[in-house]
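S.K.: Letter by letter, the chains look like this.
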Amino acid sequence: MKSLIAFYNILKKDITNYYLKPPNISWGIIFPLSWTLMQLLRSVDSSILELLPGLISTSVLFGTTSMLAVTITFERSGRSFERLLLAPISLNTLMLAKITGTILFGMFNAFVPIIFAGFFINLSDINWIIVILAVFLIAVTSSLMGLLIAVSAQQVFEAQTISNFFRFPMLFLCGLFIPISSLPVFLKPLSYCLPLTYGADILKGAITSNNSFSYTLCFVMLLIFTVGLFTVSKYAIEKKQNQ
Amino acid sequence: MICVKNLTKKYGNFTAVDDISFDVKKGEIFGFLGPNGAGKTSTINMMIGLLKPNSGKITINEIDVIKQAKKAQEIMGIVADESNLYNEMDGFANLCFCGALYGMGKKERESKARELLKLFRLQDAGNRPFKAYSKGMKRKLTIAAALIHSPEMLFLDEPTTGIDVESSRQIRELILQLKNQGTTIFITTHYIEEAERLCDRIAFIVQGKIVASGTVFQLMNNVSHSHNINLITNKDVQDYTTALQKRFKEITVTVKKPDELVIKTAKRIPLLPILKFLHEKDIEVYEAKEIHPSLEDVFVKLTGIETSVLQKEKGGF
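These protein sequences, in sequence, are chains A and B. Counting from 1, one number per residue, gives the positions in the first sequence under the working numbering. Counting from 1001, one number per residue, gives the positions in the second sequence under the working numbering.
Chain B with its partners taken away, still in its complex shape (with noise of 0.2 Å):
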């Protein structure tokens, strides 16, 4: 569906986008995650044809975006990382004006922006002016208007940054709902949840570089070689972890509370040898897990980017 060949985006001597390559397959939500100033917005601007690369290639469904920038925003819906519908128009109006620059004629139009604000529960404000609605509204009426012409591709600049809980989980289940309908869609966020509960695949930004991609299974196989298991038991085990340390050798045990322990191991091993041996020292073994690293722990690792910084820029989750 895409694919991005060494795109180059230089400001002056300021290198934004560094020979970056990566496709979009059809039907999958595909993530860019990165810090400001990481390059996103200037790559989403050259694949939606409002930049110009230096040098590189886009192509959407076989379309040359550079070489034909007009033909591929046909199919393109775009949302910009801010809210940029008409102040002055109302919710109905404004989804309407967007139907026609689309070339949509009157009845199709306005037949598909009440689809529109009932599929995206703005029924009620339909009538409001934009300037009249909170954040979080203004923010799903300028989705909706993205969808206005049914777009084959989906592209989100920042879609729930600095709006309430409550909308930014609606977005997500209609994001997750256009995906199950077979819009192609590319999100860039700073949230790292966000990306490892919608994207199928994840892009790591960094200074204008891709510094990892791929299934959010894949990017944490990457930086994990270790088994972690927690083990919560029913008193103090601080005494025995250098017995349990001498007795199974391929072990390395931590405590992090008194009843609270990880056993790590370069393999897969089996547990019941462990629980008997605490079993035999009266300790009884209430939980065990295995903990997997989470995508937060990749991406400060992979980066050397704190998740903090990324929330502090955009305002907080």
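Just chain A, with the same shape it has in the complex (with noise of 0.2 Å):
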């Protein structure tokens, strides 16, 4: 009960003192949007079926690694951060409050692009619990890597950073804009290593039926990596500790 308490209002303080807030608010909207945007006009020829899945794991990507690894960065440089691991609280249900609110972030970012296409096209065909769940997973995982990336951040501006180095190569080699098949040989294995490379794969098959791996297979790998990312996170935390 006690972690719980713990737990709830950690989740209301950041959701409250960032995630509510206008900039951030607006970060959310205009971002996915402006992404929405700039490829529908690029791709005329394109249907607003096929970019959805992109445009969806983008935005969950860029709205939930940015915000853990400024907000955690931030924290960690006023040391508030430091209050948080004082209290009697164990490191997991630390974790899990800091990347649940990263995560509500992240799919409300993912349905700015669904409703969006929703004024254009019919949307009845979309398998909605897989998307849900592939959502939720992408934002699992984005979250989790914004807390590793936060850990070896000491500034804000170096969290922006770190995030960058990830983010972008992650979206030309997860198969979303350019095929996995078409990529040169040394950089697929890469590919087989994102988990957006799953995540992607999860959206195309619940949106278009286009998808290159099973739901089975893209469900496990996200898990495996939910539960790597999040011990790997565990372990770098306490090691940063010690120091």
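Bear in mind the hints are in silico, worked out from the structure with no lab data behind them. We treat Cβ as the ideally placed atom computed from N, Cα and C, and that holds for glycine. Where hints are given, some of them may not hold.
As the list claims (entries may be wrong) - Simulated pairs of lysine-lysine, DSSO-like, Cα-Cα distance not exceeding 27 Å:
{"no.": "1", "chain 1": "B", "residue 1": "K1135", "chain 2": "A", "residue 2": "K21"}
{"no.": "2", "chain 1": "A", "residue 1": "K240", "chain 2": "B", "residue 2": "K1257"}
{"no.": "3", "chain 1": "B", "residue 1": "K1112", "chain 2": "A", "residue 2": "K12"}
{"no.": "4", "chain 1": "B", "residue 1": "K1112", "chain 2": "B", "residue 2": "K1005"}
{"no.": "5", "chain 1": "B", "residue 1": "K1070", "chain 2": "A", "residue 2": "K2"}
{"no.": "6", "chain 1": "B", "residue 1": "K1070", "chain 2": "B", "residue 2": "K1179"}
{"no.": "7", "chain 1": "B", "residue 1": "K1249", "chain 2": "B", "residue 2": "K1276"}
{"no.": "8", "chain 1": "A", "residue 1": "K239", "chain 2": "B", "residue 2": "K1057"}
{"no.": "9", "chain 1": "A", "residue 1": "K240", "chain 2": "B", "residue 2": "K1010"}
{"no.": "10", "chain 1": "B", "residue 1": "K1276", "chain 2": "B", "residue 2": "K1257"}
{"no.": "11", "chain 1": "A", "residue 1": "K234", "chain 2": "B", "residue 2": "K1010"}
{"no.": "12", "chain 1": "A", "residue 1": "K240", "chain 2": "B", "residue 2": "K1209"}
{"no.": "13", "chain 1": "B", "residue 1": "K1289", "chain 2": "B", "residue 2": "K1267"}
{"no.": "14", "chain 1": "B", "residue 1": "K1010", "chain 2": "A", "residue 2": "K239"}
{"no.": "15", "chain 1": "B", "residue 1": "K1235", "chain 2": "B", "residue 2": "K1276"}
{"no.": "16", "chain 1": "A", "residue 1": "K12", "chain 2": "B", "residue 2": "K1107"}
{"no.": "17", "chain 1": "B", "residue 1": "K1071", "chain 2": "B", "residue 2": "K1107"}
{"no.": "18", "chain 1": "B", "residue 1": "K1112", "chain 2": "B", "residue 2": "K1131"}
{"no.": "19", "chain 1": "A", "residue 1": "K239", "chain 2": "B", "residue 2": "K1070"}
{"no.": "20", "chain 1": "A", "residue 1": "K2", "chain 2": "A", "residue 2": "K239"}
{"no.": "21", "chain 1": "A", "residue 1": "K240", "chain 2": "A", "residue 2": "K2"}
{"no.": "22", "chain 1": "B", "residue 1": "K1005", "chain 2": "A", "residue 2": "K12"}
{"no.": "23", "chain 1": "A", "residue 1": "K21", "chain 2": "B", "residue 2": "K1010"}
{"no.": "24", "chain 1": "B", "residue 1": "K1276", "chain 2": "A", "residue 2": "K239"}
{"no.": "25", "chain 1": "B", "residue 1": "K1257", "chain 2": "A", "residue 2": "K2"}
Claimed, not checked - The calculated label-pair distances, taken between Cβ atoms and stated as ranges, are:
{"no.": "26", "chain 1": "B", "residue 1": "G1162", "chain 2": "A", "residue 2": "S152", "range": "28 to 36 Å"}
{"no.": "27", "chain 1": "B", "residue 1": "D1023", "chain 2": "A", "residue 2": "Q241", "range": "24 to 32 Å"}
{"no.": "28", "chain 1": "A", "residue 1": "L183", "chain 2": "B", "residue 2": "R1128", "range": "51 to 59 Å"}
{"no.": "29", "chain 1": "B", "residue 1": "E1088", "chain 2": "A", "residue 2": "S90", "range": "21 to 29 Å"}
{"no.": "30", "chain 1": "A", "residue 1": "S152", "chain 2": "B", "residue 2": "R1121", "range": "36 to 44 Å"}
{"no.": "31", "chain 1": "A", "residue 1": "K12", "chain 2": "B", "residue 2": "V1223", "range": "49 to 57 Å"}
{"no.": "32", "chain 1": "A", "residue 1": "M38", "chain 2": "B", "residue 2": "T1008", "range": "54 to 62 Å"}
Take each chain as given, in its own frame, and dock them per the hints.
M.R.: Structure follows, in structure tokens:
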């Protein structure tokens, strides 16, 4: 019960202090909207439906990694994160509370291009349960990557630089814009090591039935990435504490 | 209450804390005094479970802090050397949030937050964002936040550094009030006067090692083996010092000012013969006072560090 009170209040604080602030709400709406418009204008021949998996994935990836990396680095530089580390709650509870806010923010970002697309096309053929599950798991893995970046960075600008160093290559290697089969041989193994590859493939399957892997394989891979990233992030925080 | 044994912390080749041991008794204020980089913050960080030592043992109320940090943290109130609350939240919300971190229910934490705002004379600022607080107010609220869950043990890292005189005075009063209520307090400071005024026992730490520890009285006795008596007279006594020294072989006379001299002896002696001697020379003594060494003198003698160095490091008193 005590852990639950702490979890809820950390989540509530993060949502109130960071995610519901006007600059972040506008970022959460304007960024996916701009991406969507840009892609629609550039790819006049493609149908909106084909673009939707890429737009959703990009929105979640950018929303989650930025927010968590920046907010935690910000709290670490002001030493308020130390207050959380010193509270009698487990590191697991603390990490879950910190990433839950970002996951919700990422999911909110994901639905901006969907709502926008709803004005132009019929979305009734989409498998929504699979889409929601995929969006959730992309948000979880991206948030955990943001957490890992936050642990490594000392300053907010440093966190943003490291985030971009990971995000942009991921976008081009995950098969969203360039099919994995068209990638140079030496880059292909790298594609299979990215959680976004599997998340984006599930979205392709649920939205356009054009997936390369089975849903089962993708969900299993995303769960493996979730557990792996959570463990690595926890280890990184513990190691940082002892330095 | 607290038992620290053979604690060592190294950062690469640098030994920040070097095999230190000490105890803190229940209900006392224990002061850790030393210059910057002496190992005070590393020690406190290990005691609160934020930093793992390379070797040694720390127990608080029989709880092994290294193995069961989270259990130990339940009974600790921790004030870092910076006021690290949330700028975006107001004073009341900050206190309530800190209560929630210790699993306190909504009603309980809200009532305790109101009580603490009153105790720290911050009621009027309770609904103002933390970022709008003055340095002194921020410090007070940070201490209040550490007390929200009524801890048995309070760790204060440099509680009055860089704040105004009035806030420092209030914080010192509150620390004494907490001690009277039975809270055990571990405090690190570089203000010698503060340590002397507040602490039941003090340890001096220099370059990671404890060079002396004990009560203020014990520390003073350790360095002072002589008795010094200051005499203030009605006229110039400089011409009589040789005669005085000749008449009383066991004393050493030093002239501080023309009408003020210091008599130093290895043991206590009766003053009347000296006063009579001076009276015969037509010199009247207006004041005679035994001079004790200050804690500052003790610190300088034991550590070889001038106290002005301590205060310059943190921006003055």
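S.K.: Would you mind marking each hint as holding or not holding in the structure?
M.R.: Hints, verified against the model:
1. B:K1135 x A:K21: 26 Å, holds
2. A:K240 x B:K1257: 59 Å, violated
3. B:K1112 x A:K12: 20 Å, holds
4. B:K1112 x B:K1005: Answer violated: B:K1112 to B:K1005 is near 35 Å, above 27 Å.
5. B:K1070 x A:K2: Roughly 13 Å separates the two Cα atoms, so the pair holds.
6. B:K1070 x B:K1179: 24 Å, holds
7. B:K1249 x B:K1276: 16 Å, holds
8. A:K239 x B:K1057: 20 Å, holds
9. A:K240 x B:K1010: Holds: A:K240 and B:K1010 sit about 15 Å apart, inside 27 Å.
10. B:K1276 x B:K1257: 21 Å, holds
11. A:K234 x B:K1010: 23 Å, holds
12. A:K240 x B:K1209: Holds, at about 25 Å.
13. B:K1289 x B:K1267: 15 Å, holds
14. B:K1010 x A:K239: Distance of about 15 Å is within 27 Å: holds.
15. B:K1235 x B:K1276: Holds, at about 15 Å.
16. A:K12 x B:K1107: 17 Å, holds
17. B:K1071 x B:K1107: 24 Å, holds
18. B:K1112 x B:K1131: 22 Å, holds
19. A:K239 x B:K1070: 17 Å, holds
20. A:K2 x A:K239: 26 Å, holds
21. A:K240 x A:K2: Within the cut-off at roughly 26 Å; holds.
22. B:K1005 x A:K12: 41 Å, violated
23. A:K21 x B:K1010: Outside the cut-off at roughly 42 Å; violated.
24. B:K1276 x A:K239: 74 Å, violated
25. B:K1257 x A:K2: Outside the cut-off at roughly 68 Å; violated.
26. B:G1162 x A:S152: 28 to 36 Å: 31 Å, holds
27. B:D1023 x A:Q241: 24 to 32 Å: Since the Cβ atoms of B:D1023 and A:Q241 sit about 26 Å apart, the hinted range of 24 to 32 Å holds.
28. A:L183 x B:R1128: 51 to 59 Å: With a Cβ separation near 56 Å, A:L183 and B:R1128 satisfy 51 to 59 Å, so the hint holds.
29. B:E1088 x A:S90: 21 to 29 Å: 26 Å, holds
30. A:S152 x B:R1121: 36 to 44 Å: Check passed, 42 Å falls within 36 to 44 Å.
31. A:K12 x B:V1223: 49 to 57 Å: 55 Å, holds
32. A:M38 x B:T1008: 54 to 62 Å: 58 Å Cβ-Cβ, so the 54 to 62 Å window holds.
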